[in-house]
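Assemble the complex: chain A is given as a structure, and chain B must be docked to it using the hints.
Here is how the chains run, residue by residue.
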Amino acid sequence: MNPLKPGIIPGYRKEENMRRKVLIVLAVSMLFLSSVITATVDGKLIIWADDTRTPIFKELAREYTEMTGIIVTVYEMTMDAIAEQVVTASPAGEGPDLIVGAHDWIGRLVRNGTIASIDLPEDLLLQFDPVTIAAMSFEGKLYGVPYSREGVALLYNKDLVPEPPQTWDELIDITREITNPAIGQYGFIVELPFPYNSFPVLSALGGYIFGQRSDGTLLMDDIGLDSVGMILGATLIDWLIEEGLMPGEIPWETMTGLLSEGKAGMVITGPWSIPIAESGGVNVGVAPIPTICGQRPRPFVGVSGIMVNAYSPNKAIIQDFIENQYATKESMLKIFEMDPRPSAFIPAFEETRDDPVMNAFAESISFGMPLPNVPEMNTVWSVWTDAMTLICNQTLSPHEALRQAAKVLEDTFSN
Amino acid sequence: MEKVMERRLLRFLVKITLISLFNALAIFACVFFAISGDLYLSTAGVVMLVAVNSIAFKKKSYPLKYLLPGLFFLTAMVVIPIFYNVYLSLTNYSTGHVIGKNDAINLFLNREYLRPDAKKYSFKAYGNDSDIVLLLLKSDEELLVDMNGEIHDPVEFDIVDCDLDGTPDKIGQWKAMEASKIVSKISLLQKLRIPYGNGWLRLSTLREFRQYEHQYVYDEATDTLTDLKTGKTYRPEKARFISSDGDVLDPGWTEYVGLQNYLRIINTEKYRKPFFGVFIWTIEWSLFTVLISFAIGLFLAIMLNDSKLRFRKLYRSLLIVPYAMPSFISLLVWRYGFYSGEFGFFNRMLKNLAGISIPWLDTVFWARFSVLLTNIWLTFPYMMLVSLGALQAIPPHLLEAAKIDGAGSWQKFRKVTFPLVIVTLAPLLIGSFATTFNNFTVIWLLTEGRPVTGIGDVAGATDILISYAYKLAFSGREGSEMALSAAVSVVIFAIVVTISIISFRRTRVLEDVANEI
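First to last, the protein sequences are chains A and B. When we follow my numbering, the leftmost residue of the first sequence carries the number 1, and every step to the right adds one. When we follow my numbering, the leftmost residue of the second sequence carries the number 416, and every step to the right adds one.
No lab work stands behind these hints: they were computed from the structure. Hints are all accurate, no fakes.
Computed cross-link-like contacts, BS3-like style, restricted to lysine-lysine with a CA-CA straight-line distance of at most 25 Å:
#, chain 1, residue 1, chain 2, residue 2
1, B, 596, A, 44
2, A, 141, B, 516
3, A, 263, B, 766
4, B, 685, A, 407
5, B, 539, A, 44
Here chain A stands alone, though its shape is the one from the complex:
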């Protein structure tokens, strides 16, 4: 296919080597200069994005430069590096103007004074999915402009499970049929004990983390880890383990391993697992998670978008970039094309509804709740994971473990 396949055209290798050397020298010098170059500059925009988003934003940047003459530079970093470094780099004047990130960073970044709130014109605001705007808001203010939402659904191996289950009982029946621990094959698995992926099961019967006021703000003193729904959900998981239908510990690595080897019938996971499954030659389908006692499971909704450095001198250019380049149907469609997750921008989402995989995920998360973006989630995750660990290794009953966890959180948050 590719006429320039390495090793076929004589001289190609040599040139490639030379180019590599030049690249290495450039990379090293960039390393020294990077702190100088990435500093926020008056009159130019700098964006930090991760490897999947960088090409997208480079494209948007190119168009914007053509349109206005303003130079926009996109730097590629890992998600973790962006979330960590922006906190220290921005006050020193070395941060970017915009970062591309996830909505659950917002609480921590606001606490640290790193990001600024954003004012969007009313008519533009109304074109975004309201759940995504709620996710990007913190203490009543908007801190990010979303472009996509994502969450988990039921991935199933079409060779093992021809027809996805509609109800939890059907799921159990299928699981009993195909589970065979002797050959390491399981009908249904979900990452355990870390409760992100299993949350739909925990939430279906009414489990939640923080209570909510009617306007969507969180009630930090109403902790739902020991709510009846959460305990019932955890009991369902506990039961699967006790019955020997599911292992008591499935770290992420084991989960993806079983999925890509074709040894998992059904897995609750997100769109990020599809390429992994396909790399193992598994024929995967996506369906909404089966209802439990007629109730819809509610996965966490994660929202991606851009956030503004509070120290940036370029507020006008940023606002212009957001209103006239980023939050437009054309750009949002381009973003979808390169990163196919349900768009947060309604006009773009309406136009992309013919993709079955994306539709299944969109349906699954349409019942979801935004992952809380408060910085207190840091403690919640660790305490909650501890409780799930003790449930899954059969040390404590779901009731005891979750009661203790809720108690610990109440103590932590009250002082």
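Below, chain B without anything else, positioned relative to chain A:
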């Protein structure tokens, strides 16, 4: 003679060129750092500059030439981090407290808000070929503004509108400017603040000015911040602005808190309780690792040192494999390949052979056993290598003499080999102890400190002090607790230093014994 002179001249020239190059770069760097406000880096640069030049040209400081690079890296990589750590442990650096107080106040002063009925203006710029002189802002009213933000009366100017479209083509002597020219002046336009109402008009997108209002005023005399929107007053308390009804503003700031973090470790049960347990386990972990792997290593070394053994080279190469393989890979293989629950190699074997399974990483005892097993496997080749070296250094006549005196092989080992080996290796064993004491990688890649001992506990059953400190750094209610973690690191540092000093004293006694032999 002439040749020597020539060579000297050449050497001198090369030296001068190199030093001048270095000086040029260093001076550039110092000036650059000074301009960009990094005074510490700039001062450090000046010190380096003086040090390098005086060492290069002073005859007396000749030996320093060879020490300087080492000293430089020692300072940069060890001394400065230690001091920084101590400094950090005396502050409140944590989520919400990452910037200075002045930075925080500036952030509040720069906060502005847009009223729902805020005015929006389209604008047109007028000027000569290169500079903008006047701006005409248009909404329901028209404002004529200069680049200092002053509003002018249009009557002052002669306004010409040739095509009668309502937008003037010329104001006074200044012509309407094209959009591309305006963009090239964007940084000036962005800075423009036109006082208006309770706030200002500023460029909000490339096409519009909008009316913003200040949200806060700061009163330096009383050190209070007032919200103009709600009228609430905020006072500083615990490095944050807080109102009388308990409303807290983000962000807070970093400040010096003295020994508060150390007191927190002592006074908070959540931190104190695990500390001693973790400390004891860390000692056990280091001692068992060093002693057992040394015993295995020495045993294998003695075997390999026996010239009667065939294929010695092959065995030696094979035994070094655990040490030569990158531990990042082997640790993950142990964790996911061997230990991991029902899927691990060990449990599959055990199930097939004996029908049992062992909770390798899931109970306190087995998890500690497993991390020790893996770490001993990783360490014994090193012990074997150094023991081989030490065995080679034992004078053969000593062993011969012992044999003549009628010593058996156990006595030979007990009375001759072991004392001599231990004298040589004791410092290495102490070093090994200190390394294992702080061996974060092995614990983190194998168990991350797990299994969990209780819900909400910071430390797990296999956490050693350093991984406990790392977890503490991220265990805050809202994220990072860097300062607290720094305090724990300082305590660990003190412990390791004390142990090392005592042990080295002891070995000096051993050495004296050896000298007497």
